[in-house]
Amino acid sequence: MARNGLPTATTRTTGSAGGGVGESVPRPDGRLKVTGEFAYSSDLWHEDMLWGRTLRSPVAHAEILALDTTRALAVPGVHAVLTHEDLPTAVRHYGLEIPDTPVLARDRVRHHGEPLALVAADHPETARRAADLIEIVHRELPLVTDESSALAPDAPLLHPGRTDPHAAHVPHPNVVHRQPVRRGDVAAARRRADVIVRGEYVFGMQDQAFLGPESGLAVPAEDGGVDLHVATQWLHADRRQIAPVLGLPEELVRMTLAGVGGAFGGREDLSMQIHASLLALRTGRPVKMVYDRAESFFGHVHRHPARLRYEHGATREGRLTHVSARIVLDGGAYASSSPAVVGNAASLAVGPYVVDHVDVEALALYTNNPPCGAMRGFGAVQACFAYEAQMDRLAAELGLHPVELRRRNAMSEGSTLPTGQRVDSPAPVAELLRRVRERPLPPARQWETSEGVDVRQLPGGPSNSTHGEGVVRGVGYAVGFKNVGYSEGFDDHSTARVRLEATGGEPVATVHTAMAEVGQGGVTVHTQIARTELGVSRVILAPADTRVGSAGSTSASRQTYVTGGAVRNACALVRERVLELGRRRFGAAEPAWLSEELLLADGKVVTAGGEVLAGLGDVLGGEAVEVERAWRHRPTEPFDPHTGQGNGHVQYAFAAHRAVVEVDTELGLVKVVELACAQDVGKAVNPLSVTGQVQGGTAQGLGIAVMEEIVVDPATARVRNPSFTDYLIPTLLDTPPIPVDLLELADPHAPYGLRGAGEAPTLSSTPAIVAAIRDATGLALRRVPVRPEHIAPG
Amino acid sequence: MHVALTVNGRPLRAEDVWEGESLLYVLRERLGLPGSKNACEQGECGSCTVRLDGAPVCACLVAAGQAEGSEVVTVEGLADGEELAPVQRAFLDAGAVQCGFCTPGLLVAADALLRRRPAPADEDIREALAGNLCRCTGYETIMDAVRLAAARRSEGA
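Read top to bottom, the protein sequences are chains H and X.
Per the numbering used here, the first sequence starts with residue 27, numbered consecutively.
Per the numbering used here, the second sequence starts with residue 59, numbered consecutively.
The hints are simulated quantities; they were obtained by calculation from the structure and are not laboratory data.
Quantities reported herein were computed from a predicted structural model and do not represent experimental measurements.
There may be inaccurate statements among the hints.
Now the stretches of chain H that chain X is said to cover, found in silico as 3 or more residues with beta-carbon under 8 angstroms [stated by the list, open to error]:
#1 45-55
#2 60-68
#3 389-403
#4 539-550
#5 720-728
#6 759-769
Glycine included, C-beta positions come from ideal geometry on N, C-alpha and C.
Pulled out of the complex, with its shape left as it was, chain H reads as follows:
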């Protein structure tokens, strides 16, 4: 990709024979990424471009009385300063599900870091300094920071006069959405329980912490539109929200995916897209915006922190009688994807177990805390931490091994979920647990080497805080399940355009989708599918942009399934047309063409018996065959608002972990020694790539187990640690070996039998680690992240 040319070049893949579905094909963008030539959204450059900067609220809740931009405008090099007053149309809010988020705050800010004003200048430092010169006159308002302050009779309302679809059924206007799930008769089942355990669990606020900060380039066009090059997870959803604010028809907002440095849910919501476009349209100059790390912590939503209260009952034989749960998620100041997160938390609240009597309530609050939304695992993660802790406590009460209790209650194909939905594809919950349990344990006391103690293998690591004294090992298990794709009746489709033509006599396939490649390897998968379906070796990937139909979001473990399905479907349609062309050209002379069973393989048309009829180059001649088509998975239904009943999900992913930890019980330091994972991926379309997804998801679960948390001061609702100095994500010294055991039990409803894979490992990794720390220490540990003071108080 040219440095200044934006991503105009295509990514070219020249595979030898093979390179199809099921092989560990290398990434088509790999070479550019290891040479430093891959153009991320923060690398873009344009002649005459300006740098944009956001002024953000220093306080969490305030009335804005005035913004004085005079001094900022006077700074040499400043080209524009924009506030709410400068917005061009009456559409001044956006949002993924509910348009409640101001583009720029008008008279009220609702969270720390909310955007107030924009500056464009000729140097990023000039823009930063000018933004600092904008005077904010404000009056602080009382804070809503938790359930009690949100639901108090006199609580300030975050969004008075709500008209969104959930407003009518929520118990309080500061509840974004509430979803019960009720099945059976919990009161009666409770009387049959021999053992009951109750617990309250707390899940901290996690950040996606993708490394490539929010950034992009907006270029004003002569037709009055804007060309926007950004890192996002869903180009078309961005455009739907951007265009009305700019007062432009969607076709004048042309979006191209720039290189994306990770996402994990944090790029579902808009960040700098509208802001950079406003500055570009105002100044008539290209505008680049790049958040620094501190701003990135304010520039995207986080994983919902949660309080979860559970009751589990079981018979002496270890069969679950009932589960009741109340899950309170803090959605922060704006809705983002809170409603869908609530739906997941409610419908997946009991975990991958058979429970006939269930009473669940999940809800998300509006507060003055930072807005929360999508992050890998999306509502299922918080629940899994709590229900797996409960299963361990039940096992202890019953004198059963934790895996044995889970095995006795494991759901399987044919089971019915608490939502009434029947599981109609393999659900190898017991088998995954068996696999991680039977794996040999890592040797004890690995820090004792022939050259003495290697402190790097001990809790505390190179800080040399123990040589093994006070160090105790523990082992923990967990399993989880996550829905794949968008649920609850959402029209979750994708689109692919596939073209087949001959270049120099050789067939070449071009695949064009709007799928956001965020690192997951979807681009690799598209080349593999095209090779398998069209029998070609050369596949060109066109840049992802809005010149083709929507691919839906790179979220919910859905892209290999849904956009992969769309590419496969478009390839099949291209194949049919190519065979028609061949029949027209050669069928009269060669009766084998009229056989129904013709395949494309190795660049040729062949019969099912293997007879070569023609090269694809000869069939195509000078013609190109092109198909663009949307593709959908089977539909889902909304959950009933009162009972939660409904066929809400399309597919599930299952993963189990065994964690081995060593804990310095005197200092409270934890070393995770090994995190073994077994996961059913249905079909490993790219084994190397899907294994990387499992490992990456596992490591993010480690982060929230023992390290990561956005700390919000309850007195001010201000974020206290917006930096990588104070928000700690796992390093190579914190992350252990992650052996992965892949099962491939085909889902008959999915393309190639595959299962979405990216999120499930993020669920079970966290509870497995905390179970292992409990095993080592005997402590209850009801909160993540587990901190040293929770293990070694005082």
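Chain H is already provided as a structure; the job is to place chain X on it using the hints.
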């Protein structure tokens, strides 16, 4: 001010540098070398790792003026023309690249490690690369890649 330095063997000169600019900013925005990445600007993530007179450093923490007259190697200088360096090939073969934003810094750091210690033990790799954050891979394939690069280097491959 201006800054003159050698980058990837080429003498270069940046004009109109503001005194507060870092080596990273000058490389990325003034010298046309955006391969080194900016992910934290605090020296915590290692995405901007370059070799400065032989030593791996975070370019975000080096004032541009401090680099005057120095020799800098960035990710763009690892390959020999079209021929990828052993660490670059190993990262591709081992599946150590996902989003790739950490990759340039990790490659420079891994290359520096192998120059210093051609046959590192696993714990040496973990310690040497602990200053380079990766959010995608869980590091397992990065370990595989550095082991693979070390093995290939020792075979002269």
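A quick look at each hint next to the structure:
1. 45-55: holds (count 4)
2. 60-68: Held - the stretch 60-68 of chain H has 8 residues with a Cβ nearer than 8 angstroms to chain X, which meets the minimum of three.
3. 389-403: violated (count 0)
4. 539-550: holds (count 4)
5. 720-728: Answer holds; 6 residues pass the 8 angstroms Cβ test.
6. 759-769: holds (count 4)
Of the numbered hints listed earlier, the single one contradicted by the structure is hint 3.
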